[in-house]
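Using the sequences and the hints, build the whole thing.
Counting in the numbering used here, the sequence shown runs from 38 upward without gaps.
A couple of the hints might just be wrong.
What the hints assert, rightly or not - Once the Cα atoms are required to be at most 20 Å apart in a straight line, the calculated SDA-like pairs of lysine to any residue come out as:
(1) LYS92 - LEU81
(2) LYS99 - MET49
(3) LYS92 - ASP67
(4) LYS99 - LEU55
Derived by calculation from the structure, the hints in this document are not laboratory data.
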Amino acid sequence: MELVLHELSQFMAGDRWLVELLCQAYIPIDETFWAIVPPEDVQLLPRIREMLGEKLEFASSKNVTLSMQKSGKECFMKWSSRYMIPYWNTWTGPISL
Numbered sequence: 038m039e040l041v042l043h044e045l046s047q048f049m050a051g052d053r054w055l056v057e058l059l060c061q062a063y064i065p066i067d068e069t070f071w072a073i074v075p076p077e078d079v080q081l082l083p084r085i086r087e088m089l090g091e092k093l094e095f096a097s098s099k100n101v102t103l104s105m106q107k108s109g110k111e112c113f114m115k116w117s118s119r120y121m122i123p124y125w126n127t128w129t130g131p132i133s134l
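Here it is, written out as structure tokens:
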């Protein structure tokens, strides 16, 4: 599984920030998944494989508008540590603001 986090915060006006986090998950579909298909659905497999491809893709976005006279990174870190991801302050992955 691949998990990708996009920090999409942007300055709005005055002291307002739109703080946003987009999470995308990519889950590979291997042959073990297809092996559990019930026999009555076998005729649908080619079409399902064509539609799904080789991986399932999920996306979820969370955002909030904050009114603070701080930088975008400060707003994002405060919001995410309080509401989104309790361990965000220990995050060592890439982040750009």
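These are the hints, each one checked on the structure:
1. LYS92 - LEU81: Holds - the C-alpha atoms of LEU81 and LYS92 are around 18 Å apart, at most 20 Å.
2. LYS99 - MET49: holds, 17 Å
3. LYS92 - ASP67: holds, 8 Å
4. LYS99 - LEU55: Holds: LYS99 and LEU55 sit about 10 Å apart, inside 20 Å.
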